[in-house]
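Protein sequence lines correspond, in order, to chains A and B.
Residue 470 is where the first sequence starts when you use my numbering, and the numbers rise one by one after that.
Residue 107 is where the second sequence starts when you use my numbering, and the numbers rise one by one after that.
To be clear, the hints were calculated from the coordinates, so they are not data collected in a lab.
All figures in this text were calculated on a predicted structure; none of them were measured in a lab.
Mixed in with the good hints there might be a few duds.
[To be verified] List time: in silico SDA-like cross-link candidates among lysine to any residue, alpha-carbon distance up to 20 Å:
id	chain 1	residue 1	chain 2	residue 2
1	B	LYS110	B	MET122
2	A	LYS640	A	LYS656
3	B	LYS296	A	LYS640
4	B	LYS296	B	TYR310
5	B	LYS296	A	ALA566
6	B	LYS286	B	SER307
7	A	LYS640	A	ILE650
8	B	LYS296	B	GLY213
9	B	LYS296	A	PRO567
10	A	LYS640	A	VAL630
11	B	LYS286	B	ILE299
12	B	LYS296	A	MET724
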Amino acid sequence: MDIFLQQIVNGLTIGSLYALVALGYTMVYGVMRLINFAHGDLVALSAFVGLTVYTQIFGESITALVAVITVFMFTAAIVAVVGVLLERLAYRPLRTAPRLSAVVSALGAGLVIQNSVMLIWGPNMKIFPSNIFPSTIWEISGIVITFTQVMILGLSSVLMVGLYFFINRTKIGTAIRAVAIDQDAAKLMGINVNRIIMIIFVIGSALGAVAGLFIGAYYRGVTFDMGWMYGLNAFVAAIMGGIGNIPGAMLGGLMLGLFNAMITGYISTQWAETFTFVLLIVILIFRPTGILGEKVAEKV
Amino acid sequence: MMNKTSMIAIALLIFMGFYPLFVDSAWLAVGTTFLVFSVVAFSQDIILGRAGVFHMGHAMFFGLGAYTTAILNVQFGWPILATWAPSVLVPMFFAFILAGPIIHLRGDYLLVATIGFNIIFIQILENDIFGLTGGPNGIFGIDIVRVFGIEFASGTYMYYMAFILLGIALFIMRNLDRSKFGRAMFYINKDEIAAQSMGISIRYYKLYAFVVGAGIAGAAGSMFSVQYSAVSPEAFNVTQSIMFFTIVLVGGSASLPGVLIGTFIMFVLPEVFREFATARYLVFGLAMILTMILRPRGIWPVRFGNIPSYLKKDVK
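Please construct the entire structure, taking both the sequences and the accompanying hints into account.
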């Protein structure tokens, strides 16, 4: 029973990281119908940027709330700029091209980001300092919860709820939903589609940056090619939930995190990915557009 | 009628035919692998370029063919010649079983499902299922082709075997293009809904393309395992699948010269620039983006789709 509850805590932690990354995939897909294969590499980039900012500006010694907040804000800003540049340079010229051309461009962009990280920070694993968050540990009837986990769960929930209200309650959110439904109609209603897509990339990349920093703080070791693995899992989460659907990405992320934790806890770590994809394929056989995905009629 | 394209094709054919005479063994191996990868790229093109199925797990079928030959030869002692048929049929069987339930999915869902198949395949190989696959190291010591005591062992033999394989693959593709299948494919690719309302079973033809493509990739896999006399999981992972996917789209989908150019750019050029190892993939990624921006339909896009020539006499 203890293992079960412990794995739920661990699963929710990983799941919220997946969910944060999955939101980036799903928002871009919802508006542009494009799988942003470079998104996972943005997550990896943010971990390295965050590490450099932290060690260069603050030195490794202090644990201060101000320092951590600054690192998060600064990294999110830098990665958001990279995300916007990515859209400008690699995706915008291809908006009217065949859909798969943009996919190849995204794959190429992923290679560029990943190898830039390798050339700048080197091919070896970098270790995050252990004192970013206090090493406080709570033990509740045998279950161990670390401060980092609480931070991850707390901040991810705040961000996700915030995003949900932003999309559903504000004027810009309404514009985003309108562009997702029909770009041309939205344009005719006076919505600046390019600006909306820019906002999408700013939000998606910033959420990915937060996830990247948490991955660094939680797992400590970061490598230049880790973006592929986290990206793929998050992408699977977005597909499970129904890609293009924001609550779906959150649900898919948490579900996949819990499922992964249960598999690694009870069955085996060797077959973890196999179970992930079997689950995905089973879900897709019964719900071809994901759990929360609507049934879309083909446009003629 | 000789037009420019067929003259280039004949020149290329002659060059490829005499290529082993003026290169050393290292470049001969590169040439052989180029031919094998072209066959895989053509089979990926049947699925992705012609049938329009978003398929990003093709290395799996390539690997299934290679491992079928390797397992039957090394673990069960079959001669290579006898493993050829199974190495085509096993990938076809799995393509049918696996793609059957999901072939109706929308493009992007299919993309991630096929990536999933490939990842599961790699995990099965690495975890050494039933003690057959040799785990992460793979299988060594695959035999050479022997016919009536003649041993086809040298690099030149390998090259010409791959050359013949490519010829067979091209022959199959030409026949597919000129058959009912090819016309149905072309129509589905142009307009799926219109094709469906004309009574063309999209599910049937997409699955057909998937199974045929898997079989051809399997044959190439068998050749690949004999050429290197070893197989290991990383030769068939998702990165490799992404390469085949990119080859088709960078070259030009459904275009024969396009796929050849794509294979050359994605496989041979990186071999040439091996010295610049560290910055190589950075440039590579930039080149992928630039190619797509400048030529969104690929470097050598197909002009009239795959309409047979006797139907387009009056066009142009």
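*Measure nothing beyond the straight line between the CA atoms of LYS640 of chain A and VAL630 of chain A; if it is 20 Å or shorter, mark the hint as holding.*
holds, 17 Å
*Between LYS296 of chain B and GLY213 of chain B, does the CA-CA distance stay at or below 20 Å?*
Holds, because 15 Å separates the two Cα atoms, which is no more than 20 Å.
*Restraint check for LYS640 of chain A with LYS656 of chain A, where alpha carbons must lie at most 20 Å apart*: Roughly 15 Å separates the two Cα atoms, so the pair holds.
_What's the verdict on LYS296 of chain B and ALA566 of chain A, does the C-alpha distance respect the 20 Å limit or exceed it?_
holds, 15 Å
*Do the alpha carbons of LYS286 of chain B and SER307 of chain B lie within 20 Å of each other, as the hint requires?*
At roughly 12 Å apart (the allowed maximum being 20 Å), SER307 of chain B and LYS286 of chain B satisfy the hint.
*Is the hinted pair LYS640 of chain A and ILE650 of chain A satisfied, with a Cα-Cα distance of at most 20 Å?*
holds, 16 Å
*When you check the alpha-carbon spacing of LYS296 of chain B and MET724 of chain A, does it fall within 20 Å?*
Since the Cα atoms of LYS296 of chain B and MET724 of chain A sit roughly 38 Å apart, the hinted pair is violated (cutoff 20 Å).
*Holds or violated: are the alpha carbons of LYS286 of chain B and ILE299 of chain B at most 20 Å from each other?*
Between LYS286 of chain B and ILE299 of chain B the Cα gap is close to 18 Å, so the pair holds against 20 Å.
_Agreement of LYS296 of chain B and PRO567 of chain A with the hint, judged by alpha carbon distance not exceeding 20 Å_ = Status holds; Cα separation ~12 Å.
_Run the distance test for LYS296 of chain B versus LYS640 of chain A: straight-line Cα separation, threshold 20 Å._
Not satisfied, since the Cα-Cα distance of roughly 39 Å exceeds 20 Å.
*asked:* Need the status of pair LYS296 of chain B, TYR310 of chain B: alpha-carbon distance at most 20 Å?
replied: holds, 17 Å
*Within 20 Å, alpha carbon to alpha carbon, are LYS110 of chain B and MET122 of chain B?*
The given pair, whose Cα atoms are some 18 Å apart, holds under the 20 Å limit.
Hints 3 and 12 from the list above are not met by this structure, while the remaining hints are.
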